[in-house]
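Trainee: Assembly of the complex is requested from the two constituent chains, each provided in isolation within its own frame, with the hints serving as guidance.
Here is what each chain is made of, one letter per residue.
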Amino acid sequence: MRSNVLIIVPAYNEEQAILQTVDQLKKFNYDFVVINDGSSDGTGRILCEHNVPHISLPVNLGIGGAVQTGYRYAERHGYDYAIQLDADGQHNPEDLRHLISEMERLQPDLLIGSRFLEKTNYKGDVSRRIGILYFYYLLRLIAGIKVTDPTSGYRIVNRRVIEWFARDYPVDYPEVEVLVKLARKGYTIRETKVEMNARQGGVSSINAQKSVYYMAKVTFLSLIRSYL
Amino acid sequence: MNIIQLIVSGAALLLFILTVTMTAKNKLTDQYAFMWLAFSLLGVLMSFALPSLNRFATALGIAYMPSLIYLIAFLVVLALLIYHTHLLSKQEARTRVLVQEVAFLKKEVAEMKKKEDRGL
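Going down the list, the sequences are from chains W and L. The first sequence begins at 1 in UniProt numbering and counts up by one. The second sequence begins at 1 in UniProt numbering and counts up by one.
Because the hints were derived from the structure by calculation, they are not lab data. If you're wondering where the values come from, they're calculated on a predicted model, not measured in any experiment. Any given hint might turn out to be false.
List time: in silico DMTMM-like cross-link candidates among lysine to aspartate or glutamate, alpha-carbon distance up to 20 Å [claimed, not checked]:
#1 90(L) to 172(W)
#2 217(W) to 92(L)
#3 106(L) to 117(L)
#4 210(W) to 172(W)
Excised from the complex, chain L in its bound form (with noise of 0.2 Å):
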């Protein structure tokens, strides 16, 4: 193993026991948290898999092996940007919902409270 694979495991490791930590803390709901965990061991297992990215590289064409590291990555953070928008806009929907359920029951709130008070 050289230095290199020393340190992407090494990065990998780190954010294998970040995202334990923030599971164990609730601070990552299920869903998040594996595929974190999944990303975290997939950084382990390309670190072991680094000489054998050059052939890989070469069969694609690219002559500078880094290059594929970075075509990789930038896929992955596209993938994980199209995933969080999708979410915050699923979110946005709900969250609309919930204001206007709270405007609504307000509105009710405040009517019963009239009715009581012409009652008293």
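Okay, chain W solo, but in the shape it has when bound (with noise of 0.2 Å):
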């Protein structure tokens, strides 16, 4: 029987882990799509030989593009639930039924994976931390909520916004200003425990410079598209 959650898997060149991502999923009864955003490495051809149900897009259109790649694909196959993993294996996907029974549980729009509500095993460097606090204090400020982990890219949504993300969806760095966008409209945001890894292949896409760049813009994004 169908499930009525898509798991999302958005790939950059993940050939290292993307199969060990791929295997953990496959214990548990959710349907997912892997996005292959234009990878140039061997990540389609892993995805081919190992019949695994995914997308590729002929070019690369950023991580927003992928993701709504998959929130598309979820609006027009009826699914109730989407949720985003990374293809990285930084998510757990033991955390699964947990964010799908809190989800049931709490009823809200959209979900956040937290590393940090409760005590975990993440050590993150403090530079990511630093930023993690400022988008916290952003979006206490120009949105109203509090989010101890607002660049979790871990989250599911329900219908309502898997419509939503379909239509719109950041073109870069989409977790926080989606987040000052549904808040502003009224949707509930909420957050549960999540334990992430240390990422198994492949590079972060956020290094210092973007960093900044990645603040600046979405602080001056979030503003203008909250208050205009």
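Mentor: Structure follows, in structure tokens:
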């Protein structure tokens, strides 16, 4: 029987980690789809050879475009919930059941898997934590919500949000911006504790220069799109 | 008509001819062809109006008339840049949708092929 939950796994040059992530996902009885975002390494070949359900974008759209492809797929196929899960192994699939049960219990529009709601084994570097703290206060200020882990990509949304994201999703660094948009439109956002691992392969897309751009861009766009 | 007026009207005329040629060869779509035709004609008109621009500049408090021309040119180029950035953003959004649609179709075709292979 088809599940009512779709797990969206955006992947860009993740040949080292993708199979391990997929194997872990297969243990659960949920539908999933890998969005191969125009990878230039062997990700596409691996997905084909191992018969992994996937959508291959002919060119690289960036994280926003890739994740939105997943939401559009979820919308077209009538899924009630969609979960984003990173292909690099940082998100722990063992938390999927917990995320779904909390979503059904609390009934928010969006539920974030947080590393900081309670004490977890997560050890992020100082600069990353400063960035997260910055976005925490930004969200409090402009959206009036308290989110301990605003940059977490491990999140589950309901049908209403799936339909929104299928129409409108930021191109890059979407995590914080969508929270501002949803909160200001009156959507409910909640958090629940999850564990996160160190990445199993590939490199983070955010370096020092990019993180400054990330913070400036998200602040600027969130302010403008919230108040105008 | 003095020399500078001749140069300006000549340049505007060249722009007009270039626009007409590109439009005829379908290298410019209607919307942009019309815009550049309007610009080139405006250039010709400006060449005739150059002497009166002196009075206009004085009325605006600009002592040196060419500064007024630079100001007008700068504002026009700025407006054009914003317009083209807007178009670029629109095209990017459309391309994104197209890429996603192509990916969906590729997936559907692959699934159909698999089903067909199993049936054979």
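Trainee: Which hint numbers does the structure go against, in order from smallest to largest?
Mentor: When the structure is compared with the hints, none of them turns out to be violated.
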